[in-house]
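Each protein sequence line maps, in turn, to chains P and C.
Mapped onto my numbering, the consecutive letters of the first sequence carry residue numbers 1 to 139.
Mapped onto my numbering, the consecutive letters of the second sequence carry residue numbers 1 to 392.
Do not rely on the hints blindly, as some may be mistaken.
Said to hold, decoys possible - Covered, in the sense of this in silico footprint (three residues per stretch, anywhere, with C-beta under 8 Å from a C-beta of chain C), are these stretches of chain P:
1) 10–17
2) 95–108
Stated by the list, open to error - Computed footprint of chain C on chain P, listed as stretches where at least three residues anywhere in the stretch have a Cβ under 8 Å from a Cβ of chain C:
3) 30–39
4) 61–69
5) 72–78
Since the hints were made in silico from the structure, they are not lab data.
All residues carry an ideal CB built from backbone N, CA and C; glycine is no exception.
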Amino acid sequence: MTPGELVAQATREALDHQGDAESRRFLAALQERRFETTSCKGCGRAFFPPKPLCPRCGGGELEWAALPREGTLYAFTTQQKAIRFSEPDVLGIVELDGGAARMLTKIRAPIERLRIGMRLRLDFVEIEGGIVLPEFVPP
Amino acid sequence: MKPVAVAGWGMLPVGRHVGKSPFDLAHEAALQALASARIRPSLVGGLYATPETAGGFPGFMFAARLAEHLGLKTAALGRYEVGGNSGAIALRHACQDVSEGRVDYALVVGAEKGEEGTLGGLESSITLAVHGLMSLYGPYVALYGVGTPLVLYAMGVQRYLHEHDVDPRAIATLPVVLRENALKNPWSYFKTPLTVEEVLASRIVSPPMHLLECSRFYDAGAAVVLTRPEIAGSGAVVFRAVEEHHDGTHFIPWEPGSSICSFPAAREASRKALATAGWTLDQVDFAEVHGVFAGTECMLYEDLGFFPAGKGAEAVAKGKTRLGGERPLNPSGGRLGLGYAPDPTPLVEVVEAVVQIRGEAGERQVRGARRALVHAEHGMNNGAAVFLLEAA
């Protein structure tokens, strides 16, 4: 196998071993370009990452709901050494509109263009093994 | 928890122990600690070990094999793994067992072979690396290929600079101060001084962090023997508090708006420890702090209570944390000054605290060192342990 094939296979296996029901569902939805997470019926608020219990109230009555597709850049940097993508990748923390969720994500823009507080919108990136991940870009 | 005394300790110089395995380092540190405590292995009632490698090949039964190798029959045995906090958690459980009388002598051991970069030797095996990183970070971070926590800490430093208008030169002073201390420490790997200009001229690894603001991974090993104060005798150093706090997040605090440059776990562990011991922070003469990156260490100084929010780097730049300063921090040289191996770090810090309190720290002696605070952390400071020690 090529290194890329090895990474793809190991990634699928690692997701099985280290992932959970919620991460599987999150990733499955992304395959169809749906961007969703769990939302607490008790609090009325979504949260990320998806979990079986609401991290805010501990409630277990949840439903899956769409996440906002725009947000604000909270922090960012580049990653020099990575098992996938090309280096240096720009990674950042984006706070999604609505105040319910933030995520660690890849940003498709040169780092020189980025500023804390700037607006970004959701796009998607496919990695080896056909896995689709969120990626954010300037509008 | 009743006070628990340190009966002995062992410490290997931080560096490259070529040809030795983590197992070798662990049992060397253990034997030193037993000799220092003047006890035969048969007296050890509990063995508390950290994994042979942080995030490396998982391994099995390390504590059991180490017990066999040392000839120990114990009432307590375990390998404790909580990332960088591993040694602290092992130590806390050992203190508990000694305090309850389950164990007369507890042996706590941490040893690790460091390797540059992410998961060291695993990089040579793609499959193990992918599994290891998924296990360490979870899917929401690992799928982006994050291979080192450096990337996440770098964002924390970015926010620190942004939120508090911190001068990057002030942060760059910390590796210089710590190297100054390390030059006085025979256990340190580093033997040459550093300047702020050199730190700022070193390449940016993940902005805004410079290479010389990051701890380098080397081999380390440390061990302590704990017992009841009445067995240890006068002159022993005792733990007055051993507290942990884990804030329920892992690397990234996910709640929008929550800080990535200030750590509730460190604040709470420090608060609980001081309350348990009945001390104020002013009564602490020095501290050993588990800071791996210069900017993050400045934040930790704030969270532990030594400086107000946003003022840690400035205090370092003003010389307040130097050996002769008003608030000596990391007299050993710290992780940046000594060289770094995650899992044994809490034990390396405790040994320094003991040596300082006993007045045996030579050139790096903190004058009047009677009371110490030791801090350790597990991920991106989502979990912390704080210990308070003093002469009995």
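Evaluation of the provided hints:
1. Remark: the segment 10–17 of chain P is confirmed as covered by chain C, as 6 of its residues place a Cβ nearer than 8 Å to a Cβ of that chain, reaching the required three.
2. For the segment 95–108 of chain P, the assignment as covered by chain C holds, since 10 residues bring a beta-carbon within under 8 Å of that chain's beta-carbons and 3 suffice.
3. Check on the segment 30–39 of chain P: 0 of its residues sit with their Cβ under 8 Å from a Cβ of chain C, so the three-residue criterion for coverage is violated.
4. With 0 residues having a beta carbon nearer than 8 Å to a beta carbon of chain C, the segment 61–69 of chain P misses the requirement of three or more and the stated coverage is violated.
5. For a cut-off of 8 Å, the count of residues in the segment 72–78 of chain P with a CB near a CB of chain C stands at 5, and the three-residue condition holds.
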